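Peer 1: Given next are the chains, with one letter for each unit.
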Amino acid sequence: MRVLIIEDDEAISEAIASLLEDCGYSAVRAADGRGGLEALRSGTKPSLILLDMAMPGMNGWRFREEQMKDPGLAEIPVVVFTADSGAEERARELGAAGWLRKPVDPLRLLSTIEKHCGPPPEG
Amino acid sequence: MNVETTASRSRWRPRGMDLRLAIAICLTFGALALLVAATWVNTFRLLGDAAKVDHTREVIGELESTFSTVKDAETAERGFLLTSEDAYLEPFRLAAGQLPRRIERLLALTADNETQRARVDRFRQLASEWVEQLGKRIDLARAGKRDAVLALIASSTNRRTMDALSGVVAEMRAEEGKLLAARDRRSKDTVRSLLTTLAIGAVLLFGFLFLIWYLVRADLTRRNRSEAEIRAREARIRRLLNANLIGVLFSDDAGVTDANDAFISMAGYERETWNPRQHTLFGFTAPEFRTLDESCENELRERGTCRPYQKEILRRDGTRVPVLFGSTSVDMGGGTPVRASFVVDLSELKRVEAERNRLYEEARDAVKARDSFLSVAGHEIRSPLAALNLLVYQLSRQMRGVGNARATDLVHRCEKQVLRLIRLTDELLDVSRITAGTLHLDPEEMDLAQLARDVVERFEENARRAGCKLSVTAGESVVGFWDRSRLDQVITNLLTNAMKFGAGQPVEIGVCARGDVAQFTVEDRGIGIHDADQRRIFDRFERAVSKETYAGMGLGLWITREIVEAHGGKVGVESRPGAGATFRLTLPRGQGGESESPHHRG
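If you're matching them up, the sequences are chains D and F in order. The numbering of the first sequence is numbering that gives the first Met the number 0, which starts it at 0 and goes up by one. The numbering of the second sequence is numbering that gives the first Met the number 0, which starts it at 0 and goes up by one.
Keep in mind that the hints were calculated from the coordinates and are not lab data. These figures come from a predicted structure and were not determined experimentally. One or more hints might be untrue.
[To be verified] The calculated lysine to any residue pairs, modelled on SDA-like cross-linking and capped at a C-alpha distance of 25 angstroms, are:
#  : chain 1 : residue 1 : chain 2 : residue 2
1  : D       : K114      : F       : D453
2  : F       : K468      : F       : L418
3  : F       : K415      : D       : T111
4  : D       : K114      : F       : A465
5  : F       : K415      : D       : E37
6  : F       : K415      : D       : D104
7  : F       : K415      : D       : R100
8  : D       : K114      : F       : E444
9  : D       : K114      : F       : Q393
10 : F       : K415      : D       : V27
11 : D       : K114      : F       : R483
Using the sequences and the hints, build the whole thing.
Peer 2: Okay, structure coming up:
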C-alpha cells in the first residue's frame, strides 16, 4: 500500500504524505523525476505514483518516458497531478491511470488512491 | 475687367481699355469730324454766296453808273442845245467816250448770265443809237438848224430809244434784284443750317463726352475695386507667408527663386546669408527620398501639382528634419513655369507620435504585466492553498475522534474558507487563461439535466441556509457534447448569484432540449437588474450592485459568458428591477466546443 509522491512543492507533498499516512497508507516523497526514479529503483515498488507535471529538474513527462523505458517500472499506475486546466488530456497523452487537479480535493484524492491501492488498512 | 486675349482686338484699342469706352471715343471723334465737315462745307457755301452777292451788287452799281453816264451825255447835250456853249460839249464827249468801256465791263460782269448779257447787248445797241442821235442833234445845232433839232427831240424815235434804254435798265435791275434776293435767302438758309448743325453737333459731342466721362469713371471704380481685391488677396498670401506657419518655396526651371523665413530657418540658413539661386527645389532632400522626389516631379509635369508626401530634408549642418512636402505649378503669365512648394516641419508631430507610441507600448506592457502577474500570482497562491486544504481536511479528520464540538465547528469553518479561497484563485486563473486565449475545453458526451440535478444537490445545504427553495424542471436527459467541469462551473456561478441576490425566495432551474440546442435557465425572484446594467454585467470586473452590499470580484458572469461562448452558445438575461432575473443559456448540442467555435482572446 505504498504511494510514491513526486512533487516539487514540499508543503503539498508533505500534506499529501501526512494525509495518506493518517489514513493508513505508506507514502514516499520525491522532489522531482530523478528523485522519483531513484526511489523506485532503490526501495520497495509502490502500488501507485502521484506525479506532478511541472517540476524543475526532471519534469513529469521526462519521468514518464524513463518509467516506460524500464520494464520493471512501466506497470506501476500513475495518477497525473497538475494545476493545468487540461489535466484530463494530459493524463490521456501520458497513458496515465487517472488525474487530479490542483488544488486537490481531499475526498477525490482519497477515492483515487483507494481505487488503485485498495481500501486503507484502518478506515 | 475684360482682359484682351485676341491680338486682333488689342490692335485697334489699347490693352485693358473697356470696349464701350473705346466705342464712345470713336463715336465722339466721328461726331467731331462730321461737325467740322458740315461747318467747312457751309462756310464755303456762305463765302461763295457772299461773293455772288457782291458780284450782283457790282453789276447793279455798274449798270446804274452806265445808265447815269448815258444821262450825263443827255444832260450835256441839252445844255449845249440850250446855251450853244462849247463848255457843254466836253462832258458829252467824256460820257460818250466812257460808255463803250463801261458797257464792255458790264458784259464782262454778266458773262455768267446769258439773259443779262443779251440785255447788255441790247443796252449797248440802244445806247450807241442814243449817243448817235445826241451827236446828230449837236451837229445840227452847230450848223444852226434849230428847227430840225427840235423836230428830232419831239420825234417818237428819240422818245422810244430813251424808253427802251430805261426799260432794259429796269429789266436788268429787276433781274439782279431778284438774284440778290435769292442769294440772300440762300445765305440765310446756309447760316441757319450751319447753326443747326453746330447745335446738333455740340449736343452730340457733349453727350459723347458725358458718356466717356461716365465710362471712365465706372472703369476707374471697377479698377480700383479689383485692385483693392488683388491687394487684399496679396496681403492674405503675404500674411500666410510671413506668419511662417509653413515653409514656402518658389522655384523655376533654374532653381529656387525665393523662400520664406520659415523654410530658411528650417533648412538651417539665415536670411542675410541665404542665396536662393544656390539651391534647387529638390536639392534639400536626403538621398534615400530621391525616388519620391522623382515621382513628384513626374506628377508636376503631368498634372501641374503633386500630392503631399513625407520625406526628410538635410539642413545646412547635415542634421535631418522630417517634413511634409507638396508642390504645385503656378501660372505667372511668363513662359517658364513657376512652382510654389510648401514644407511643413513634422519634427514636433513625429516627437508626439513617438511619445504616443511609447505610452501605448507602456500601457500595453502594463496590461501584459498585469495579466501575467495574475497568472503567476494565481499559480503561486494555489500551491500553499492546496497544501492548506489537505492539512485542514486532515485536521477535521483528526477532530472527529476527539469529540470537541467547538473545535470541530471551527475546523469546518476553516475548511469552507479555504474552499472559498480556492474558488477565487480559480476565477483569477480563469481570467488570465481567457485573456491569454488559452481557456481549454475538454468536451465529452454528457447529460446537462443530470449535471443540473447534481449541482443542485450539492447546493442543498447552502440553499437551506439562504432560505431558497431550489427546484429543477428538466427532461429525462438533455445530452450534448460539452466540457463537464466548465459547465459545472457555469451552473455553480449562476446558482450562487441567484441565491445571493434572491435570498429567501425560490429559485427555479430549467433544462430542455430544443432541436440542435439545449436551453438552461435559472430564474430567481430577487432584486433584479436595471436595463442599463443588463449588458454590462457580462463584462469583466463589472457589477450591477455596490461592492459594499454584495461581495465578489465581478468575474463570475464574465467567465460564464466566456465559457458559454467557447462552447458556441449564448447567454442572456431578462429582468426587471425588484422582480427577479432569468438567466438563459443556449448551448449547441453537437460536436460543439472548441473545434466548432475557436475561442481566442488577445
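Peer 1: Determine for every hint whether it applies to the structure shown.
Peer 2: Outcome of the hint check:
1. D:K114 with F:D453: holds, 22 angstroms
2. F:K468 with F:L418: Status holds; Cα separation ~24 angstroms.
3. F:K415 with D:T111: holds, 22 angstroms
4. D:K114 with F:A465: Violated - the C-alpha atoms of F:A465 and D:K114 are around 36 angstroms apart, more than 25 angstroms.
5. F:K415 with D:E37: violated, 38 angstroms
6. F:K415 with D:D104: holds, 12 angstroms
7. F:K415 with D:R100: holds, 18 angstroms
8. D:K114 with F:E444: holds, 24 angstroms
9. D:K114 with F:Q393: holds, 20 angstroms
10. F:K415 with D:V27: violated, 29 angstroms
11. D:K114 with F:R483: Between D:K114 and F:R483 the Cα gap is close to 22 angstroms, so the pair holds against 25 angstroms.
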